[in-house]
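Enquirer: Just need the whole structure built from these sequences, with the hints factored in.
Protein chains: 2
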Amino acid sequence: MPEMFKVLTPADALRVLFDQLPSDVLEESIASGEALDRVLVEKLAAPSSLPAFPRSTMDGYALRAEDTFGATESLPAYLAVIGEVPMGRASELAVGPAQAVVVYTGGMIPPGADAVVMVERTQKLDASNIEVLRAVAPGENVIDVGEDVKEGEPLFDPGHILRPQDLGGLMALGITQVTVAARPRVAIVSTGDEVIPPELTPGPGQIRDVNTYTIAGLVARAGGVPLPRGIVGDDYESLLSAARVALEDADVLVISAGSSVSTRDLTANVVNDLGKPGVAVHGVAVRPGKPTILGVCSGKPVIGLPGNPVSAMVVAGLFLVPILRRMQGVVNPPVRRRLTAKLSHNVSSVTGREDYVQVRLAERDNQLWAEPVFGKSNLIYTLVKADGMLCVPLDSNGLHRGESVEVELF
Amino acid sequence: MPEMFKVLTPADALRVLFDQLPSDVLEESIASGEALDRVLVEKLAAPSSLPAFPRSTMDGYALRAEDTFGATESLPAYLAVIGEVPMGRASELAVGPAQAVVVYTGGMIPPGADAVVMVERTQKLDASNIEVLRAVAPGENVIDVGEDVKEGEPLFDPGHILRPQDLGGLMALGITQVTVAARPRVAIVSTGDEVIPPELTPGPGQIRDVNTYTIAGLVARAGGVPLPRGIVGDDYESLLSAARVALEDADVLVISAGSSVSTRDLTANVVNDLGKPGVAVHGVAVRPGKPTILGVCSGKPVIGLPGNPVSAMVVAGLFLVPILRRMQGVVNPPVRRRLTAKLSHNVSSVTGREDYVQVRLAERDNQLWAEPVFGKSNLIYTLVKADGMLCVPLDSNGLHRGESVEVELF
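Those protein sequences? They're chains A and B, same order as listed. Using my numbering, the letters of the first sequence map in sequence onto residues 1307 to 1716. Using my numbering, the letters of the second sequence map in sequence onto residues 1307 to 1716.
Calculated directly from the structure, the hints in this document are not laboratory data. A portion of the hints provided could be inaccurate.
One copy or two, it doesn't matter: identical chains are merged, so the pair holds either way.
Stated by the list, open to error - The list that follows gives simulated cross-link-like pairs (lysine-lysine, PhoX-like), each with its CA atoms no further than 20 Å apart: (1) K1349 - K1682; (2) K1456 - K1682; (3) K1456 - K1349; (4) K1349 - K1691.
Expert: Here it is, written out as structure tokens:
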């Protein structure tokens, strides 16, 4: 009954899995207005210059800068106002020597003019003449053609996650449709004879399904579409047929397995029979989460998560999230929210495995403390009560009270 | 034509606005499985203890710990195996002295037993007898009733933003429905005679709408529902009637105003006539973003954003995002992603206003540098090229090259 795990480090395990997975990114074309937080798969360059015409940055008068050289309050320059540039239209006027045209912020600079004087730096003499009280330099208060972006200038590389301002930048150039990575569809199957749907009342020995919901949340946050596929009993035939159906509709399959040795074997057998090559990694040097199964079935990743809620979330964070990012071609994964804090208690570990410890953050004595939330990995409220996790690295056998630690916030 | 602004600091402006806004949170009841990133408005306590029965954390034998006291490999304890606890069911067996029952991880501890010995620490003698090779303590490898949470224990306070593990925690207790803040509906009206929809090709003097999309993105990220209401020309009647219709269907109205003095006045007049009390703040000590308008019309917040894309995003971040959080009753706004970096260039400012400067992050010489992306606030690609912003505080007249600065990532 005892089982020998051939355990890999988390980094090695991920490498082994990635080596057996196709590296192509599924794409789709969507409206740019719907593309927030989606991952670009195309390289985009500016189809035209922005702005396409010189624009004023001020309310004032467009003029020839040289006409104002030397102007001061006591020795102003006199200019004839020959008209106004209406917003949203080209000027029909050309500005000649000693002439000026009224322009508004964002309006087009008329031909002949090369600068704008702010209205506050002028004085009206009469209906058609002004004094300019200060010299302006050529180009002053003007945005040049292409000053925002020039035609042909690279805008975004593939793998970029689109932010609010990026959508604005696309729209400014008329790029109203973009090719992005399709959101990976992740089927989630929960197993266990003791597991029941949360809306039912458990009888003796029964517990409600937790992992379907924690994993669905992680999937959504990583850009995937969670497809909960319900609960399956602990027998080979049921699990294999449920896994088959689930994987058909999905790009990734997650099996939240039971935690007993027999159900772990069951999951491994199902993954092996679901499609070639089957199990790639069985057992990872991480606590909690050692009995992790990583497999590839007919080109699709299949993950067997330990059934304990804490283990399931740690393992999903270590493997499922990077898989989903890779499937979307993410180049720079978003910087996770990470804080530095002082550890409030000793944390023991053993060398040769990564330990993930849930911590609560507390501010005391002008100092941010990371307080370990000690609790068995079977306890979902260990995670609920925590603000984040810290990692005790592979080569460490523990961390000391008072040490500075990096906490990844949930 | 020049206009005197009565400018408040950003903090004061927000206070003035909040003082005139109702503080109640609109709520709705939704399925817990759909509640990721939503804000709880109710206080929740555990309706029952979790687990509801004592559970094994190991595959092994449930037994009376005292029967194993003193057991070693050379002097094992002998126990009679009287049966097995099936997963998901109560045990029909009671464990007496010198008896043991097979249990699996997550299975129920049968009456009479108070500990579990791992299967690896035992040896089978025959079909119904084992040797226990090591003593176990009472409670060892057992999760007690209520060890995860106890009945009545507080779970979440109002204002908590639900994370993946929180959904799991709710489901574990059968809380399949929760009362959360309704997502505030934010109508966005773009104004400007020169502004056209992005799918059209601009003629001379015309530009494509940008702010509708950047603001919609910010709204979605802050938990709101963006309702883009199109583009309106720069005249009082059109803007007032568009604003009326937009505000009727929405909880918040954002008007992305033109940037010329005349269109700013237009927006202020419309906000004053849209509902009482109207404009609360006109002008804020922030750059970019000084011509901000904050108003309250018939109990709903109305924001007049400057038309420049950079100003619009800075101001939306300073005012719209906090308004949306308050409307949802958020208690601890998510820690924004924030990094410390070294400033690569001097940044000038003047005391008495907050300056927001876009920066790009670059790693050089083992050091993270914040490189200002200098650019006029009319340039959307100033934001696109940046990784985040830094704030030069009110009382500072600039930052020096080499200074350590905090960068809020986009």
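Enquirer: Return the numbers of the hints above that this structure violates; sort them in rising order.
Expert: 1
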